[in-house]
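For this one, chain F is given, so just place chain U on it according to the hints.
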Amino acid sequence: MTPRSPAPAERPPGEHEVKGHAFRDELSDPLAEPEEAASPAPGRPARRITWRKLVLLPTVVAVVLVLTYFWITNVHLDAIARNSIDNGNVRLRVWQHVKLTAISTFWVLIIAIPLGIALTRRGVSRAAPLVTAIANIGQATPAIGLLALLVIWLGIGPGTAIVGMVIYAVLPVLSNTVAGLKAIDPQLVEAARGIGMSAPGTLGKVELPLAVPLILAGVRTALVLNVGTATLATFGGGGGLGDLITSGIQTQRMPVLVLGSILTVALALLVDWLASLAELALTPRGLEVE
Amino acid sequence: MGFWDYLSSRHQQLLTDAFQHASAVFQCMVIATVLGILIGVVSYRSGWGSGLAITTTSTILTIPSLAMIGLLIPLVGLGVAPTVVTLTLYGLLPIVRNSIVGLRGVDPALVDAAKGIGMSRAARMLRVELPLAWPPILTGIRVSTQMLMGIAAIAAYASGPGLGNEIFRGIASLGSANALNEVLAGTLGIVVLALLFDAAYVLIGRLTIPRGIRV
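Chains F and U, in that order, give the protein sequences. Heads up: the first sequence is residues 13 to 302, going by our numbering. Heads up: the second sequence is residues 497 to 711, going by our numbering.
Among the hints, a few may not be true.
With a cut-off of at most 25 Å between alpha-carbon atoms, the simulated SDA-like pairs for lysine to any residue come out as follows [stated by the list, open to error]:
1. F:Lys194 / U:Gly601
2. F:Lys65 / U:Ile556
3. F:Lys194 / F:Ile125
4. F:Lys111 / U:Thr558
5. F:Lys111 / U:Leu567
6. F:Lys65 / U:Ser539
7. F:Lys111 / F:Gly169
8. F:Lys65 / U:Ser542
9. F:Lys111 / F:Asn99
10. F:Lys65 / U:Thr551
11. F:Lys65 / U:Gly545
12. F:Lys65 / U:Ser554
13. F:Lys217 / F:Lys111
14. F:Lys65 / F:Leu299
Listed below are several chain U residues computed to face chain F (Cβ distance under 8 Å; list not exhaustive) [claimed, not checked]:
15. Ala619
16. Leu622
17. Gln642
18. Met645
19. Ala649
20. Tyr653
21. Gly666
22. Thr683
23. Val687
Since the hints were derived computationally from the structure, they do not count as laboratory data. Note that CB positions come from ideal geometry on N, CA and C, so glycine has one too.
In isolation and in its complexed conformation, chain F is listed as follows (with noise of 0.2 Å):
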């Protein structure tokens, strides 16, 4: 990754970047009011999950899907419209596309972050190099390409689509995981050896806890990034929402296409929302920026 920004010095208090995305915390607003950021008492730690954060989201999509619901409930559909939405055949669809989300994550997760462990560590790292070339072709192929190349090779199935998801998810979970036990201070790890802490007993105790901001961000990256490839599952016969939207196109029926696009954004909003909840949950307290 090319550095993307200047100094982290320069960066206004209340800011913090992972990765090149700058984050804010939504307490503190430095640049509006200078005095207001100075004055919560020291030694309280602020919230790190607000209210905002808490109900925002969740309130706007609730009231989204609830104004979709009257909406596909009154509107009138025929036959072929109705087809594609009766018989349970929407929740079919959602259910689908969340079992395709987590298991493609859950493989990405087993895959990932011992693969960028294993880089960081002495001796593998001479391959480092080579999987970061593959890592730069692989980032340039096009999901749908990679998907439709498989399909062809193993079969249509929600298999073939979970293999191109991980595939695809694999490097941004990758990559954060060595960024982030590469920026560790050698120092700290230096110090932890010196005290007579065993490699893994390092790794465990001081690395790996120090990545995980970055580690973290690269999983909410997978997620979202699985959420929108599992839409490309259909074109493999491995259903989810995309199967909506394309059977809304192929006849050419706006409420199934509506619905499904709307049903998939509020998925994504959701897992969004709750990866970045899990992330500010498992951030150490010790890393985060006052």
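Coordinates of chain U only, in the frame set by chain F:
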């Protein structure tokens, strides 16, 4: 039919598709770059303004592209229109984010010095702040372009232009002799285009990043 035979017998069609793919991505990138830098310039000074800009664009990026296209079809119809709107929207985030980060990273002392020698607000922005913030903005443009290459392929499903058509033709004729050739030609074509664009950006970086701040 082997892959090379396929390429030589269909090169006309493939070149047209590749050209349309590249030109769609390029034109949308131009719009996204202009809009993105404008949004960055307008919002980087205010905390909530830039927060709003980044939150909005990253929310758009969270939306799966097929769903975005699905929501646009009832509004703008099939074909080029949803492709252009989708590509432009998705291209915005990295550019907006990096413009804000880049502009904020400019040393205030330099801006002050520019003010001191009598430069106007616009001149300071155009001749001091933007050139200094240009390297991260260019990185944002590169990231956006890579992403749009793949999204443009999906847009072909809504009758958009480009190499995605080749891939979807292959998917539609699964099991036929040419399915693999079609998918492979489309996919590799996009990879090649993405690498060419990336090389072009490296060149643009060489030519446009001010000599004083080159690393």
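Hints, verified against the model:
no., hint, in the structure
1, F:Lys194 / U:Gly601, "holds, 24 Å"
2, F:Lys65 / U:Ile556, "holds, 18 Å"
3, F:Lys194 / F:Ile125, "holds, 14 Å"
4, F:Lys111 / U:Thr558, "holds, 19 Å"
5, F:Lys111 / U:Leu567, "holds, 24 Å"
6, F:Lys65 / U:Ser539, "holds, 22 Å"
7, F:Lys111 / F:Gly169, "holds, 13 Å"
8, F:Lys65 / U:Ser542, "holds, 21 Å"
9, F:Lys111 / F:Asn99, "holds, 20 Å"
10, F:Lys65 / U:Thr551, "holds, 12 Å"
11, F:Lys65 / U:Gly545, "holds, 18 Å"
12, F:Lys65 / U:Ser554, "holds, 15 Å"
13, F:Lys217 / F:Lys111, "violated, 33 Å"
14, F:Lys65 / F:Leu299, "holds, 20 Å"
15, Ala619, "violated, 22 Å"
16, Leu622, "violated, 20 Å"
17, Gln642, "holds, 6 Å"
18, Met645, "holds, 6 Å"
19, Ala649, "holds, 4 Å"
20, Tyr653, "holds, 7 Å"
21, Gly666, "holds, 6 Å"
22, Thr683, "holds, 3 Å"
23, Val687, "holds, 5 Å"
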